[in-house]
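K.L.:
Keeping their order, the protein sequence lines are chains A and B.
Numbering-wise, the numbering used here comes out as the position in the first sequence, counting from 1, plus 472.
Numbering-wise, the numbering used here comes out as the position in the second sequence, counting from 1, plus 3.
It is possible that part of the hints are untrue.
Claimed, not checked - Computed far set for chain B versus chain A, every beta-carbon distance over 10 Å:
#	residue
1	S44
2	D123
3	Y161
4	R181
5	I198
6	A307
Stated by the list, open to error - Label-pair distances were calculated between CB atoms; the ranges are:
#	chain 1	residue 1	chain 2	residue 2	range
7	B	D303	A	D925	55 to 63 Å
8	B	I138	A	V614	40 to 48 Å
9	B	N16	A	V614	42 to 50 Å
10	B	I126	A	K806	32 to 40 Å
11	A	R551	B	T299	39 to 47 Å
12	A	R501	B	T299	49 to 57 Å
13	A	A822	B	D303	24 to 32 Å
14	A	G665	B	I165	33 to 41 Å
15	B	T299	A	D795	51 to 59 Å
16	A	R551	B	V85	56 to 64 Å
17	A	V614	B	V85	26 to 34 Å
18	B	V99	A	D925	47 to 55 Å
19	B	S15	A	T818	53 to 61 Å
Said to hold, decoys possible - Each computed DSSO-like pair below joins lysine-lysine, with the alpha-carbon atoms no more than 27 Å apart:
#	chain 1	residue 1	chain 2	residue 2
20	B	K139	B	K151
21	A	K577	B	K93
22	A	K591	B	K176
23	A	K577	B	K176
Worth flagging that the hints you see were computed from the coordinates, not collected in a lab.
By construction, the Cβ of each residue, glycine as well, lies at the ideal position given by its N, Cα and C atoms.
Single-letter residue listing:
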Amino acid sequence: MNALLEAVRLTKVYSNGTAANKRVDFSVRPGEIHGLVGENGAGKSTLMKVLYGEESPTTGSILLEGKPVSFSSSEDAIRAGIGMVHQHFMLVPSLSLAENLVLGKEPRRKGSRFFDLEKAVRITEELSARYNLKVHARARVVDVSVSMRQKLEILKTLYRGAHILILDEPTAVLTPQETDELFVELSELRKQGCTIIFISHKLGEVFRLCDRVSVMRDGRMIGTHDVGDVDSQTISNEMVGREVKLGVDKSPAQPGEAVLLARDLSFVDDFDIKMVDRVSFTLRRGEVLGVVGVDGNGQTELVQILAGLAKTLTGKVVVCGKDVTNASPGTIRKAGMAHVAEDRMTVGTALPASIMDNLIADRYAGKAFTGPGGFMRQDAMRQEARGIVERFDIRCSSELQSVGSLSGGNMQKVVVGREFTAEAELLVISQPTRGVDVGAIEFLHKRIIEMRDAGKAVLLVSSDLTEVMSLSDSLIVMSSGRIVAYFPDAAAVTDKELGLYMLGLKSQGEEEIRMVLHD
Amino acid sequence: MIHFLISVFGSSNYWYIVFRSTAPILLVTLGAVISEQAGISNMALEGAMLWAALVGVIVSAATGSAWMGLAAGILASILVCVTLWYFALKLEANAVLVGVALNLVAHGGTVFVLYSLTGDKGISSSLASKTLPFIKIPLIQDIPWLGKIISGQNIVVYISIIAVVVLNLILNKYTIGRRIKATGANVEAARSAGINPDRVKLFALVIAGVLAGFAGCFLSMGYTSNFTSGIAAGRGYVANAAQVVAGGTAVGAIFAALIFGLTDALATFLQNVGMPPELIQALPYAVTILGFIVVTLSRDRREAARKRALFSGGAASGGAGDGGTAKKQAEGTGA
């Protein structure tokens, strides 16, 4: 069968040097639902952005019905009949659904510049009926459910004449029932001649809905299969399968008393999506608790709540016996938490400031560094900085060099050096080795185990599965903002098994998950 | 005190002044509303009013026509707002900083121009400037008490009320209004729908310029009959707080501006009973800011309660420990 839309040896290198797509071949047949799976950072979004005209390819070409096309903006793609539903909805909450549908292409009353609301409502209702996507045309977006907003997004692309639909993780924000409903509707769209590209992490859904599935990993297209010819284990292996990079030597954990109690935490993003959904766990002294999950399943928001960078809507956080629910980061630090932030460039460090300033950022107010009259004690500050630079092997010409001039690995050592010498009882560590060279990774891993052996409690969040599995003593798996599994012994679980939980194919029972509370 | 207040609120003179005081703040608040709806904090409204007030006086004196003065004043005000647009959107400078810079230029610049022309740094009384007409409405002016309030106001007072209607039409009935709201609420959504956000913002700022222009010209050619240095007196700044109280709607702007107008008029009377004038002059501003705080706080509370409600009722997640506590807490804060 001839391809409807095709990417041929497509490479996309961003201006910062990241190669997000490497000679990717991808082809979609008319009238099919084509699944595209892969972890975050695998290059799916970039590929879709190129097909939708939001990014231009560095090399390679796009063929539409066999003819080469080049889109300079998404408007070109829309004109060619391609529509995209983004993961973050492109809707205006305060306007009605009908108004959102026609935005930019509004019906007007005859011979005037007046907006014709009635006609907009009529258009919405007609489209809604024709494609069997039920929406309340007159309701405001802010008042309707997430699933209805999504239907509206699909209708919006249809209103603009799309017959190829790209859906970026549409089910990430839906309940199972809503997902079922969406699948019926998408099958109906296929019957009416639409072609759909369906991006997802959840293999079960891909198998239920799609005709074919393509797998991406590390910017490459790993393979395309007919769904009938392949099992989920094969796809899962293609998605997460990777070589084990490093082993970590560590003795068995000897957990002590609880240092962190997280109880019933929740967080909702600007689109009312439950990013953290009633999460509870306990972290004990002398243990590394790993948090695994596909990026975007609430790990970031959970850490932000713990570190005082976001507010939980419900529940409480207790650090070393002190209730620090929604307290300021300063208060939480005083209670005994140190935090290696996920983003070292914006949260973890002040780039233009010196290594020394960054290293003492959490302790400059202490007696050791502030003398009588509030004057900073330069000599003590430099001594402290030199000590940490040496201990953590930060490669620099001087401690007065700016952090922004360091390599990723050394920058991370500055963050880790500060946080690990903060005399905290609890370390919340997020993505410790993202974008860090192999030598530094090994170094950082050793320091983490050292902290554990010194009796600290460590919460480790990382999207590098090998890393979490080798460092952690026990594991929790997050999916759609919830804890879906708890493994008291990290050594007893395989990455394949974790993959099934991460991808939403499996979930533990409530009793098993409750064990993470240790109460 | 009570006696005094009753006598004040009973006098038609008080309500006449209320209208007069409300008009300029209402106009400039409408300007802030449309700017904010399009997604720009328009700090430059203060400067726009100042230039409008000065240019209006100068041109009306030069041409002998108050209308020419008004037109020129509005043009000057538009120019200030377009400058804000150019720096903030084309050159991507911080809109608030550009606004403040434009205001500082206006504060010094208007005095400089005034001094260059008249040799006076404080007031334009040596210029034979005109004032915009006061309108006596037939029949209505004969109604006892009410007639004295509604009739005989400056034309700009009536224009300010028409402006509410027009802005309401623009925001709610015209296609452009949808695009303004879309741009302000979710610029990516607007762009993805094929709307050019920069053009929408330019339109909004031009309208804001017109509104601030009316307000500025009224101050120097109706409210008083001269330009004095710093004549806008912070109204442009207060407008940005008032638009929050207004909830981003043209009708809401009436209430927000009335808070200011009522206290401003009251202040005129309080001066007669020996309250310190500095305190009195601060009153309208303080009350508006207070309204701003109350509105913002209660809105944040409602939003948090609404989000929290998303979690009540639903079954607790797998790892949830004590669902009961959370629910109690949610109810406690929600109430």
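K.L.:
Indicate, hint by hint, whether the structure satisfies it.
P.N.:
Hints, one by one, checked against the model:
1. S44: Check passes; 18 Å lies beyond 10 Å.
2. D123: 47 Å, holds
3. Y161: 25 Å, holds
4. R181: Nearest chain A Cβ is 6 Å from R181/B, so the label is violated.
5. I198: Nearest chain A Cβ is 5 Å from I198/B, so the label is violated.
6. A307: The claim breaks: A307/B does not keep its Cβ more than 10 Å from every Cβ of chain A (closest is about 7 Å).
7. D303/B <-> D925/A: 55 to 63 Å: 45 Å, violated
8. I138/B <-> V614/A: 40 to 48 Å: Between I138/B and V614/A, where Cβ atoms are some 43 Å apart, the hint holds.
9. N16/B <-> V614/A: 42 to 50 Å: 45 Å, holds
10. I126/B <-> K806/A: 32 to 40 Å: Since the Cβ atoms of I126/B and K806/A sit about 58 Å apart, the hinted range of 32 to 40 Å is violated.
11. R551/A <-> T299/B: 39 to 47 Å: 43 Å, holds
12. R501/A <-> T299/B: 49 to 57 Å: 54 Å, holds
13. A822/A <-> D303/B: 24 to 32 Å: Distance hint for A822/A, D303/B holds at roughly 29 Å.
14. G665/A <-> I165/B: 33 to 41 Å: Distance hint for G665/A, I165/B is violated at roughly 52 Å.
15. T299/B <-> D795/A: 51 to 59 Å: Since T299/B and D795/A have Cβ atoms about 27 Å apart, the given range 51 to 59 Å is violated.
16. R551/A <-> V85/B: 56 to 64 Å: For V85/B against R551/A, whose Cβ atoms are near 32 Å apart, the range 56 to 64 Å is violated.
17. V614/A <-> V85/B: 26 to 34 Å: 33 Å, holds
18. V99/B <-> D925/A: 47 to 55 Å: Holds: the Cβ-Cβ distance is about 51 Å, inside 47 to 55 Å.
19. S15/B <-> T818/A: 53 to 61 Å: This hint holds: roughly 60 Å between Cβ atoms.
20. K139/B <-> K151/B: Holds - the C-alpha atoms of K151/B and K139/B are around 10 Å apart, at most 27 Å.
21. K577/A <-> K93/B: 25 Å, holds
22. K591/A <-> K176/B: Judged against 27 Å, a Cα distance of about 13 Å means the pair holds.
23. K577/A <-> K176/B: 15 Å, holds
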